[in-house]
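Number of protein chains: 4
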Amino acid sequence: MNSFGNIFRITTYGESHGPAMGVVVDGCPAGLEIDIGFIQKEMARRRPGQSDISSPRNETDDIEILSGVYNGKSIGSPISISIKNKDQQSKDYNSLENTFRPSHADYTYFEKYGIRDHRGGGRSSARETANWVAAGAIAKMYLKTKGIYIQAFVKQIGNIAIDKNYDSLDLNTTDNYITRCPDAELDKQMQAAILQVKKEGDTLGGIIQCVAQNVPVGLGEPVFGKLQAALSAAMMGINAAKGFEIGSGFSSASMKGSEHNDVFENVDGNIITKTNHSGGVQGGISNGMPIYFNIAFKPVSSIKIPQHTVDQEGKETMIEIMGRHDPCVLPRAVPIVEALTALVLADYYLLAKTQNI
Amino acid sequence: MNSFGNIFRITTYGESHGPAMGVVVDGCPAGLEIDIGFIQKEMARRRPGQSDISSPRNETDDIEILSGVYNGKSIGSPISISIKNKDQQSKDYNSLENTFRPSHADYTYFEKYGIRDHRGGGRSSARETANWVAAGAIAKMYLKTKGIYIQAFVKQIGNIAIDKNYDSLDLNTTDNYITRCPDAELDKQMQAAILQVKKEGDTLGGIIQCVAQNVPVGLGEPVFGKLQAALSAAMMGINAAKGFEIGSGFSSASMKGSEHNDVFENVDGNIITKTNHSGGVQGGISNGMPIYFNIAFKPVSSIKIPQHTVDQEGKETMIEIMGRHDPCVLPRAVPIVEALTALVLADYYLLAKTQNI
Amino acid sequence: MNSFGNIFRITTYGESHGPAMGVVVDGCPAGLEIDIGFIQKEMARRRPGQSDISSPRNETDDIEILSGVYNGKSIGSPISISIKNKDQQSKDYNSLENTFRPSHADYTYFEKYGIRDHRGGGRSSARETANWVAAGAIAKMYLKTKGIYIQAFVKQIGNIAIDKNYDSLDLNTTDNYITRCPDAELDKQMQAAILQVKKEGDTLGGIIQCVAQNVPVGLGEPVFGKLQAALSAAMMGINAAKGFEIGSGFSSASMKGSEHNDVFENVDGNIITKTNHSGGVQGGISNGMPIYFNIAFKPVSSIKIPQHTVDQEGKETMIEIMGRHDPCVLPRAVPIVEALTALVLADYYLLAKTQNI
Amino acid sequence: MNSFGNIFRITTYGESHGPAMGVVVDGCPAGLEIDIGFIQKEMARRRPGQSDISSPRNETDDIEILSGVYNGKSIGSPISISIKNKDQQSKDYNSLENTFRPSHADYTYFEKYGIRDHRGGGRSSARETANWVAAGAIAKMYLKTKGIYIQAFVKQIGNIAIDKNYDSLDLNTTDNYITRCPDAELDKQMQAAILQVKKEGDTLGGIIQCVAQNVPVGLGEPVFGKLQAALSAAMMGINAAKGFEIGSGFSSASMKGSEHNDVFENVDGNIITKTNHSGGVQGGISNGMPIYFNIAFKPVSSIKIPQHTVDQEGKETMIEIMGRHDPCVLPRAVPIVEALTALVLADYYLLAKTQNI
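Protein chains in written order, with the working numbering: chain A, 1 to 357; chain B, 1001 to 1357; chain U, 2001 to 2357; chain S, 3001 to 3357.
It is worth saying that the hints were derived from the structure and are not from the lab.
Keep in mind it's a predicted model, so treat the numbers as computed, not measured.
Check the hints yourself; a few may be wrong.
A short list of chain A residues far from chain S (calculated; beta carbon distances all over 10 angstroms) [stated by the list, open to error]:
#1 146
#2 269
#3 319
Within a straight-line C-alpha distance of at most 30 angstroms, the following computed DSBU-like cross-link-like pairs (lysine-lysine) qualify [what the hints assert, rightly or not]:
#4 B/1256 <-> A/188
#5 S/3304 <-> A/84
#6 B/1256 <-> B/1091
#7 S/3304 <-> U/2256
Here a beta-carbon is modelled for each residue, glycine too, at the ideal position from N, C-alpha and C.
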């Protein structure tokens, strides 16, 4: 099941150590100006090797558009984007050919399909997310024509957390920080924490917050296409995601209705809510307030510390993972979260066009 | 978008105060024994009026099967289940006809569609979940033929939380407790807390945990049909859900890889993991361990305390919500969570049948 | 697979001798006036017992709307329509319980599902088409708001054929004729032919032509949602349909390009084609000309003449079909063809709303 | 809408004069041996330049597999196939940039999307069918593991028709004939007819018959996934297709039920039908008999004879079509028809795996 979306719909392919990754974007409205430089810039935000706290695998992730764009504009036919894999070092994985890495997809893929490409995790590799960022860049360009924009940032890495929501931060500065936590002091602390676990061969998890602004009222398709459900499905499909919460999220569990309810106000003719515990979505439909949500990421499973495991025959054994890995994926996951958000919103924007006679 | 699932696929309809709710179950495998008594029993677990901490709306929720079952067995054609609405008190909603209840779907539905059925929330009502429970009962019967079973329970209501996971509790006793928290002492405290807010005209939220046992290795369809993504979409579609986490969830954010990884072991020929931070899913595919996850529920939006709001013309006004509402939906949400889980697992069980030549 | 359509999407259920048939119409745009009288009128055009050349099964086919309509208008939620089965005479089918009727679905259903409802053909019965006509009536109402209208008529029954296309006939008179062939002389001949085979216990097939007028340029979604492909799939799903052709159809096989090409003209600012061999569709997209196509129907399989067959154990035997059947379904199939056409066009009209930024 | 299929599902992209065509095959079962030589052989059957009655555009149509295959076998992840466009001569189309070719997709694409790639027809080009043949080759390999095979042949070109069905012909010889009509004498006549119209700058249409043998009982998903409906949708999506008929097809219209019915027989324990007017499908489900159907193709629209038309501003003008075109597509369409048939059958084979508990 390698397609995502209803109208604005992507289909992706590619294994980590195969010749190429790629994505086909179907349903992109015709007449959209496609800025290849912008797509490439988004790719650069995700690419490995961008700093000493990310994987040293050196992929420039140059995209090639094979279809769907003519004279700089989308023409309504599918936009195929190809991203070559260049810096595979498959021999790093030779020792893993018959052994399952703990908390990886090795075991489940093998049991499910009876066969697997063990090199770099094959299809289960987070290299797949390059496809999402490329497609998400197109979705962002479309949303931009409607004034909608999306910004994610790192809210927590390990035990270091920023105790503010998006609205108390300057999200335009996020990319100035290596960790993509828009706070100079915390950025430094997070970097130090990452370098420390890197030295230990260990890894860290964290939390990303994402906010979509200027989303009009009316996106979301009850009852099984509620906007928060679509966003959640998208986010929980990210390789290391373990949790999703929108608006007040888990903290709502201990609130009373009288505290939690977002009362309506009319401010100069605009209906807004005084608070935004709803996170911009009510009844599964955007209400015009900022949409914001958090995603929890587990620490990267590829640690360099020897671990117990079993091999394909079921024999217990030890494993040492070579290969090049991120000690913490959060900084690189920021553009991934934004891309998926853009894909969902572009799709639901288009769906909403069909709701009235 | 009122269908859910790929192969085992439901389509639902019905407004809270319309003549009937209903669900069409398509793709249920042929030859399944359909135990109507079991469906009805599941309906009883969800129905309003089951205790003094639930809404007094009196719906017996008798189901009627209109198709797809012959001589007590499914025949491969769609199973249509109808549930009549009997105890509507639409006049309770007269005063809401032109006014938007805070944190409800009134405003967004009206803005999206330009028209709405205000009585009881219309299509946005949680009465829709009766459809899910009916369909989920059929999914449960199917999963039972594979040995798979699902148990949810209340883990937190307001500030009262059980500090244990499913594996330290006796989930067979859950239904003995009015709150569906399987701990005699906490059940009492939770009941008291609910009755207290009820008296105040206020409401409470909480957390439900769900566990699916005996799920075979191999359910889940990378990359956009990962099992946790499908579960998450299902759960985040529940009316008051604000968060979802699987396995270690949000707590994984502050763990190290070396702590979090679930190392494999061979116990008498069975490959298991020593810990289960993964929550039974790795790489989007079930790994044979129990699948467990939490859902956060906000407090019910329908409080009896007067609130500020605006009306359809945008004029600020006060609102007092009449109607019959639950002070806390958690106890009744337990069978809903189970039903959706069953629907996802039945669907993915069938999908997995197509994965090999 | 009991759903049809992408945005304007129906899900149907019901067996011929079960308690009810029904259809859920999802994706109908909000704000549409729903004229129940019109739906009922369409049902009357299809219902059995309408003349002495149709099945005497007496079904009034009263529809009941269970959801999705409030104050006479669609509200954007699914519209559920229920049609009770009232005049089943299941005992007529007792002798068929273990025997397969030739050219019916008895054998294939039994082999596929391992179980079947033999009464009246169960799910394979053409009674299902009542659902399509009900849903199609809603689609017609939607299309009417866009000026689009659809007219089908009987072009051939047995060996009696009208040698004209829709544009030389007065299609507003079609319903004045019992056979729905809008030619007084041929209508008489066709009636006589039908009554003759009825007397013999035999049946007749024929051809229906359908035309959709005022369809705007731009409906159709290349490359796998070409308009003619969608229409064809719909028509070939009708119980007795054996062939579909659009525009010049099979006759195009022996034409030259220079004869067949539809050259463009500008008539008072309107781009039209001089001929319409394309049948109103070019490159899978409507071109603004009338869309017309033919559907071939085989003779009804239920004949009263004894036939050879086998039973469920594979033993050869003779069969005599009781039950009430049409000697020729063409007259009743006219509204069915129109309904499916309306469903396709409404769906593609909505899809086309998403094609541009 | 550039995806086709439910489980075995393809997504295609590419414009005639863009850098590449391509197809992503999702849902191919894991463990299938992928014979690249076979795919390439199928491509050669479709490629232009294969004879002097086909377009001289010289495309070798070398395929490149970018994903989904490891050590010669499918691994359950999407198989991406890329086909580079090499011999575009876009300048041939300069004069068509603002003018609409009659009976082509130029006008409808432009009106629908507001923008078009006029070079070689862009997305509407039959070059797209290269994708289908590549994907169809994989489907054929899968079906081969089940013993199912598919053979199409040319039955009519212009006025020259073979008056026999597949069962009186030796379909193993089809590829020996340049026209792919498996009759030496008619092949010669058809060649002569094609060369004659080629000289005149004109074109011919015709009819292809396709037969699928060894299809087990049970493929087809009532009521909206009937096998004939799926096949029809596939075939009517071919660029020049104007008609589809299965089994007795249009000839059934003038038959009586007693002539048309296929009575069952038990031949050595196998249930077969004495005749096969049903074309191997009853009630939308395969009945184990050979599945056969015809597709009517209009003559190619690209004629070299000057034609009246209008330009983008609506001004009437004359057009002379340059470019390299087939005087008759039938011979090259044979592998296309087979490929689509294979895609449908592979998909429905997999769907049928889910029908029973």
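Against the structure, the hints come out as follows:
no.: 1; hint: 146; result: holds (18 angstroms)
no.: 2; hint: 269; result: holds (34 angstroms)
no.: 3; hint: 319; result: holds (21 angstroms)
no.: 4; hint: B/1256 <-> A/188; result: holds (19 angstroms)
no.: 5; hint: S/3304 <-> A/84; result: violated (42 angstroms)
no.: 6; hint: B/1256 <-> B/1091; result: violated (57 angstroms)
no.: 7; hint: S/3304 <-> U/2256; result: holds (12 angstroms)
Checked against the numbered hints above, the structure breaks hints 5 and 6 and satisfies the rest.
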